[in-house]
Every structure is written in structure tokens, then in C-alpha cells.
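Using the hints, position chain B against chain A.
Chains A and B supply the protein sequences, listed in that same order. As numbered in the numbering used here, residues 1351 to 1721 make up the first sequence, in order. As numbered in the numbering used here, residues 2 to 543 make up the second sequence, in order.
The hints are simulated quantities; they were obtained by calculation from the structure and are not laboratory data. Even for Gly, the Cβ is constructed at its ideal location relative to N, Cα and C. Misleading hints may appear alongside valid ones.
From the structure, some residues in chain B lie toward chain A, with a derived Cβ separation under 7 Å [as the list claims (entries may be wrong)]:
| id | residue |
| --- | --- |
| 1 | Thr-289 |
| 2 | Thr-293 |
| 3 | Leu-294 |
| 4 | Gly-296 |
| 5 | Ala-377 |
| 6 | Gly-408 |
| 7 | Ala-409 |
| 8 | Pro-455 |
| 9 | Leu-456 |
Far from chain A, by Cβ distances over 12 Å, these chain B residues were calculated [as the list claims (entries may be wrong)]:
| id | residue |
| --- | --- |
| 10 | Ala-223 |
| 11 | Ala-240 |
| 12 | Glu-393 |
| 13 | Pro-449 |
Chain residues, written in single-letter form:
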Amino acid sequence: MVGAACALYAARAGLDVRVVDRGPVAGGTTGAGEGNLLVSDKEPGPELELALLSARLWAELAEEPGTAMEYEPKGGLVVASTPGALAALRDFTAGQRTAGVTAVPVGADRLRELEPHLAPGMAGGVHYPQDAQVMPALAAARLLRASGARTHLGHTVTGVLRTADGTVYGVRTDRGDIHAPAVVNAAGTWGGELAALAGVRLPVLPRRGFVLVTEPLPRMIRHKVYAADYVADVASDSAALRTSPVVEGTAAGPVLIGATRERVGFDRSLSLPAVRALAAGAIALFPFLERIRALRTYAGFRPYLPDHLPAIGPDPRAPGLFHACGHEGAGIGLAPGTGRLIAQALTGGAPELDPVPFRPERFDTDGGDAR
Amino acid sequence: MAERPRLAVVGAGPAGLAAALTAAARGVQVVLVDAADQAGGQFYRQPAAALGARRPRALHHQWRTWERLRAGLERHREAGRITALTDHHVWCVARDPASGAFGVHALRGPAQDEGTVVRADAVLLATGGYERVLPFPGWTLPGVVTAGGAQAMLKGGLVLPGRTAVVAGTGPLLLPVATGLAAAGARVAALVESAGPAALLRRAPALAAQPGKLAEGAGYAARLLRHGVRVLPRSAVVAAHGTGRLDAVTVAALDRDGTLRPGGTRRIRCDTLAVGHGMLPHTDLAETLGCTLSGTSVRVDAEQRTDVPGVWAAGEATGVGGAALALAEGHIAGGSAAARLHGTATDPRRWAAAARARTRLREFATALDAVYAPPAGWADRVPDDTVVCRCEEVTAGEVRGAVELLGAGDLRTVKLLSRAGMGWCQGRMCAPAVAGLTGCPLTAGRRPLARPVPLGVLAGLPDTNAGLPDTDPGLPDTDPGLPVTDTGRAMADAGHPVTDTGLPSADAGPPETGVDRPDTDGDRLGPDTKRPGADPVPPETD
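Bound conformation, chain A alone (with noise of 0.2 Å):
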């Protein structure tokens, strides 16, 4: 998703790109993915400032012609259950507020207007107008083809070229060499070895998360609704499993509930106490759901930076390279404005957004600045 976002803004900011990917369109994290566009889990800081200007652009681009991505802008519903959890939940919309999102506080009595099917006795929520979802697989395909670039599916990059002063001038496939005086490493989860082919450190990880899908049903639940607790779960450095359900109808009918977050490796054999987790979140949010049919779990691997900001921007330990990974489980959501400023960096424009919080080579405990 980032790289066809990537591509789509570097073409429209006038160059020639080529999209090289291993696997198929989609065949990462991205098809993976629920599809969440949410500025409601975020806390004020730079995450929080690209996913409003994504949510801008995402705006922007379901409005032009041949991008059917089932964009929904149906809203974020953030229920809490006791009163300690709505008081933390008021205190964090506070600050939200101040950075510009849209965050309406809803009464125990009137959650039932918004999603009549919730669990009795919550204590509150808030409603969030500005999160939004698409299908993503969908939307990457759909941006690929719009960015007009050239594509190289099913190829895979086994080095970086780099000249005797390090500059990179281009990959390495299995199928011929692909020289251009920018490379953009949008890698996802396995951005971290890409990095490495270019003789640079980015340390990606991979956190696991277990998505369930129900039956097609009529829409039963309008909003992304989820617990007060998720965005601590989200913000989490925890390698254990942790699970607060994201519960939301599609525009296809079936439920999505997502996600567990889990930091072991690329495994991808089925949990049992991870779909146990999801469906009792699930239920414990929507009772009614206790009956309805899972028709399929699937995993996905989220590209994890330790301190949970993508890396973004051009990486001065080789010179041509740019980074454009490490999105965690926003990476859908983050897509447009990250392909905006990576356009912005190759092309030399001001950049939209603050660029040094997402430097790639912060972590570089060489270059002074270990977070």
C-alpha cells in the first residue's frame, strides 16, 4: 500500500517509476490488513499530523474516477466500560482535540443511537467522523494502476546498487539489474532487509496480528467501534499477545474483527488463545455476535519500529535511498501522506509535514541519536 502510494505521488510529481515487488499486488502486510484509516488511536505527535493529512488525501482520492476501493467514511465509535476508562478516554480526546481531530463525546444513553446493537452498560464513548476505511487491497491495486508506473511483479530484489562512494544508483532483480538514482524502500515488514541489502540498518520487526471475518450480514454495526483500551494496546512495546477487537461492518457484509498484536516472528500457524481473544472482545462489545459464523482467520505481520513511527524520508548513509516503511498497523492509513512526502523528498519540494521525527537513521546509536 505505501509503495503504491509512494509510486502514485512520484509520478504525479513528475518522474518515472518503476514498482519492483516479489510477490503480487497486495501480497504483504496489505492484504493482510483491516483497512483502518484512524486518526482516533493516535496521541498528538507526528503520527497523529500524517494520518490527518492521509485522511485528507484519502478523501481526496475516492473521489477520483477508477479508484473503487470501498472507501466508507463511516466514523470511529471508542466506547469505555467504566467510568475510570471514560475519564482516561476524555482526557486523551482532549489533547487530540488540540492537534485537530474532530472528537464529539457521546453519553452512556446515546450510544445506542450510534450502534444500536452494542452491549448494554457502557459508560460512554466518544465518536471520531474523521476515521475511515478502505479495502485495501483494493485501494493498492487501484493506486498502482492510477500512478501509471511500470510494475515488476513477481521479481525479487536481491541487492542495492551502490557506486565506490556509496551512492545508490539502482536494485538488483533475479530477472536483470533496474537503475535509478532513487531507490524507495517500501518494503513493509521486510524493510529492514531491504535496508540491509543497501548496507544500512532499520530495525523492522514483524508483530503479529490474527484478523477474524464473519459471515456476510446486513449492516448491524455502522461505525469502527472499539474499547478504551486499545490504544494502549496499540502504543504497547509488549511482546506478548495483547488483543482489544476492532468490530466493524463492511460494505461487503461480513464483520472484520482485528486485531491481536504479538511479537513472534513470521509465524503464521493459528492461535487459538489469539481468535479466542478476538471473539470474546468481539462479543463482549456486540452480544448479538456470539451467534454469528466465523468464515475465516487470517495473520498478518506488521512492520514494527521500536518506537512505533514509520521511517520515512531519504537515508543519508546512502546517499538515493529513501525509506518508507515501518508503519506498525497504520500503514493503510498513513499511505497517502507518507507517498506525499516521499514525493516531496525526491523532488526536492517543501516538505507537507515535519520530516525529522521519521529520519530512518534514528536509531543509529552510531549517529548520536538512539531513541
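Positioned in the frame of chain A, the structure of chain B alone reads:
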């Protein structure tokens, strides 16, 4: 808990029965788990007792083999060596990382909404196969059923699906379906087989090595003749017609290369079309356990072991080859599992005869596969507006667009970009068609949930940290002093949409089919055989 090691056998068809009997005879406590209300699988599918069928054997061959298996099962059940759990729909088999034990997770109850877990020291997957059906215009009309579905109706419910039938597609299943329908009183207007006689001749040496099977084929031919069934070889149904319901099909003659012969079409009136294009293995449970697949089949070694310790596989799941092959493989698997569970060395001499039968029957199956391949160019003949994925109503044009316009290069991406295979059957029905239409290789889909599971059952899964319990009330070792705990019960109305049109995609699970192939050695199978080379049925010795 039982002292004897416990083997869970999933599937009570020929492979599972043979495995269960062999393992039980060798001192293993066997739990035989099956979705149907009686053992037998698709091949030995039994009419419901309430129907009072007087001569169910008329619809079966290998009836004596079945009677022996059934008698053996009864004997072991009475002796407490086999527990047969019927009406258990297994949705997942998982290994508990802490104890190393396996949990067989199933749904039971009339609505399949009660969760249950069977604990076992080892697992033997005899999950069978399902039918491949390729699309053509009109294939979703009511009146179009799968060949296996038609046979299942005949065997299980003894109902006649229609009055004037055409049987079409390719594969050895079509012969018993046509004769079965005719014997049950339908007028079979034509048997349309895309393979030609020349293809059979080309494989003659491998096929001739199975004289019993050729004789059986000849027997079907005679029966077809007797019922006046017109056989149209090297032909295909290219369209089904009707308004609201099937009333005719268009049959086209094929050239030797599979293309349509110009001017070679005819219209045949019928109200039932039974169509099938061979079988595919059920591999979901194995795939989720981490077993390596070979193509679309579970890979096994000479002892029928998968590459996951403690997991065996036998029958159609390891490669479609018919009931006799399934019996041989099940016998070997059961013997191997028993020896390994007892910690003794396996002795392949104990199943040498079955191993010889397995070799022979696998060669035969390979030869049949080559003969009964879908005709070349079938996919090009599917118009863009034909629905390919029935669950999500995705057309051939949309499937093609996912590749040509959007950059999909494999079945999973085609699914993501077109929704083909995202619905109730999770692509079991349409994946072969999508593969053919797109040129993507047919790979086994990753389906951790082998059938739809109520979220309430998932939420009620036992905490594996507390050790893996048995929760099934049908198990003998459940302590009567403790209440039996279901792992979750969703009082669902099962709400799944059983399609009332066209193919019987059956219940929540994969399409049910018959696996009846003309693959028997008739009554020469079994312990009373004079032929040492055909003894895949377990010797009933303790």
C-alpha cells in the same frame, strides 16, 4: 484418563475406518470423529435408518467390504476400543504447545453450534475429498447439481433428483451416477464425457494393469446400454438453459485438442444436470497443523506419516484415488500409528500386501487423472458474464480483471481483488475455476477454520494453559462426577444460507460429494481374499 495411547481419526470413510480398525486391533484407544450421522463416509453413505431402505446395497458396490468394516467397527466399539463420535464437524485440529497433545475441535448439535474438544496423543486425517465443478453459462440454475451430490442424494436419501437427467463433465464418477440415476427410474438422456476413447487407449498399459477395474468399467457400459443411456464421448455441456429452472442443455462436440468442433452442438431437453470434473483433496486440517502439501494433496511418507510428528494422513486427502486405495492407505496408517504410539519399531512387512495394493492403485489413479482432465480451452469458453464464485456472485469478467487490470498473480490476490472465494464456501467451489480462468496455479487455500464456527464457540475455547481437556460428552473417559463442559454454545439458528438454487453446496462445510469411483476390486478385497496382493483391509486380530 485411559492408559492406552489415544489416536483421533478424523473421517469415517474407507480410509478412516480401515485406520481405526487396524489401530484398535493393535491396542490403541481410537476416537473416530465424523460429520455424518453414521460411519461410512461418502463412499459407503448410508440411507437414514428411518427411511427403511430395503436394498441399499443396490446403490453400492463393494458392499461386502463395507459389511466387514461395519462389523469390525461394531466389535471394537462394544469392546471399548473405538469410540465413534458421529455428527461431529471438525473445524480445527491444533497441537497444544505445552503438552504436545492434540485437540480435535468440532461442532456438534443439530445446528452445529456446540463446541467440543477431543484430546489425543496422535491424529490421523482421513478427511476425504470434494468435487471439482467448473462453470459454464447457466450452471447456477436450479436443476443443476454436482455429480457427487446427485449420487449422495441417491445413496443417502433415496430421492430421485429429477425425471430427465443429463450427466456431464469428466471422470470415472460419471458412470455410476448415470447408472444409479437410471436404475432409480430417471430417464438419463445422455452421459456427456469430455475425455475421448483415444485418451483411454493411450493410457492402456497402466489401466490394463487393473483388470478388475476394466471389467467394472465394462459392467457400467453394459448397464448404460441396458438403460438406453446415450454416451457422448469427447463432448461437453457448454450451456444450461431455462427460465428460473433448467429445461435444456447445449452439448458441443470437442476436437482432439479440446476445442469446439464447428457445427457440432446439439440441444438436449432435461430437468436435471449432474455435472462433475473430478475430485480434490480436503487438506484444510492438515495445512493448519503445518503439514507440507504436495500440490493440492497432503504429503506423506511410506507409512502415511505427514511431516508433522504425530500426524498421519490417508485416503483422498493424500491424493484422490478411490475407495480401494483409501482402504490400503488407512490400513498402513493405522498400523504405523499404533506402532509409533506404542514406541515400538514399525514393521512394514505387516502391511506389505496393502503397500503393494497402494502402489498399484496410485499408478491407476495417475493414469485416470491424465485421461479425465478438463478439456483444454474450457476456461476460454466461459463468457465474462458467467458467475464463477456463487457465494459472492463474482463473474468470470471480474476474475479476469483482477489479473489483467489490477496485477493479481496468484489465487489469494485474485480473491482479495475480486472477492471470488471470500464467501461461505471459502473458495472450495470456485478456486479450481478461478485458477483455470486466470492461469494461476491451483494451490490449496489457507483455511485455518475448516468450517464456519460461531464466535461464541471460539470465545468459549478452553484455556490451553490449564491443560487440554476432553469436553466431549460422547467420550468414555469423562469423569461422571464432573459436569461436562461444552466449550461454548451459541444458540444460533445456524443461519447459514443453504442455497435453494442449483448445486447443493450442502451445509456449512465444503460441498458434499460422493467419492464413488469405479475403482473397486469388488469382493476380492479383504481378509478372505485368495489374492495376497489385495489385502488392504486390516486383519482382525488383537
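Okay, the hints, checked on the actual structure:
no. : hint    : result
1   : Thr-289 : 5 Å, holds
2   : Thr-293 : 13 Å, violated
3   : Leu-294 : 14 Å, violated
4   : Gly-296 : 20 Å, violated
5   : Ala-377 : 25 Å, violated
6   : Gly-408 : 4 Å, holds
7   : Ala-409 : 5 Å, holds
8   : Pro-455 : 5 Å, holds
9   : Leu-456 : 4 Å, holds
10  : Ala-223 : 46 Å, holds
11  : Ala-240 : 29 Å, holds
12  : Glu-393 : 8 Å, violated
13  : Pro-449 : 4 Å, violated
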